[in-house]
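Enquirer: Spelled out, the chains give:
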Amino acid sequence: MSRDPEPTTGTPRWAYVTAVVVVVLAVAFVVMHLAGGGLIGH
Amino acid sequence: MTLRVQGRVFRVVILLTLALVAFFGVIVAQPALIGGLAGDPSGGHIGQHFREPHHRIHDLAFGLLLGTTAIGAFVQLRAPGKNVAGQLMAAIPIVALVLAAVAGDRRVLAIPWVAVGAPTIVATLLHPDLFRSISRIRPAGSMVALVAIAALPLLAFALSNIGLQRTGANDHAALGHYGYMAAYALTVVAVGIVSSLRLEGWTLVARIAGALAVFLGVASLVFPDVEGSVGAVWAAATTAWGVGYIAIAEIVRRDDRGVL
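Protein sequences, first through last, are from chains L and U.
Residue numbering for the first sequence follows my numbering, beginning at 1 and increasing consecutively.
Residue numbering for the second sequence follows my numbering, beginning at 1 and increasing consecutively.
Chain L extracted, bound-state conformation:
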């Protein structure tokens, strides 16, 4: 007997891809900023 599939959110694939890109860009910015002179210089 097969179980009913769990409901999904309907979130499109591009949303997941964009989320990953945002995280990568933000982490890169913070690392470069901190490596380049601490919290000063915004």
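Hints listed in this document are in silico derivations from the structure and should not be mistaken for laboratory results.
Built from N, CA and C at the ideal position, the CB exists for glycine as well.
One side only, chain U facing chain L, incomplete, derived with CB under 7 angstroms: (1) Thr-2; (2) Leu-3; (3) Ile-111; (4) Val-114; (5) Ala-118; (6) Ile-121; (7) Val-122; (8) Leu-125; (9) Phe-131; (10) Arg-132.
In the SDA-like style, the derived pairs of lysine to any residue whose C-alpha atoms are separated by at most 25 angstroms in a straight line are: (11) Lys-82(U) <-> Thr-8(L); (12) Lys-82(U) <-> Arg-13(L); (13) Lys-82(U) <-> Gly-10(L).
Got chain L sorted already, so can you dock chain U onto it with the hints?
Expert: Relative to the frame of chain L, chain U by itself:
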């Protein structure tokens, strides 16, 4: 991704967003703490935030931008499905700041809003009910009209500040403050638009849109000579618009519930 898994991931990202807001709030309130972590130069620099009189309106605007994001994220802790508009509201200041950085210059970029902004955008994209809710928008004509009235002067204000950010050689431009003011004006318009679409949880968003306008108006009246003030006439108009928008939204809300 299943609804259950995405709901859990969403909740973790929201908690991360709020933790980062709290972290930066503590740093601003107690700059001496960061001195021990990042070195005295950083601690001394951060200690100037929200404490220099000639930056009052700019600091207030930046605080309110991140405050808007924080409120939008906070309401997701309880019933995200009933606060879809709140999640969009949380993302708006971040998108506005990105636009200001792109249209202005890189001096608008700052670690606090980038660090808070990334999980905010991720949470918005992963909101369990966002994409299903978009088909259920119900624009309120009176609210749309009020936002349209405010949009022209606010967009002009935003463009003016973008110009100052690009060409400015003073400390306000160096700190990205004109970019923050441009983002603030864009945020008032965009939060107004989102609330006028009446997605789930729109009443809080409408009140925030009005309150943001009132804050700008009152700050301009209280500190008329501080950079960022819109002047007495526009301050009165901005305040009146904010109060009027909240009042109209309340009428629409009561009409929704059949009170009137």
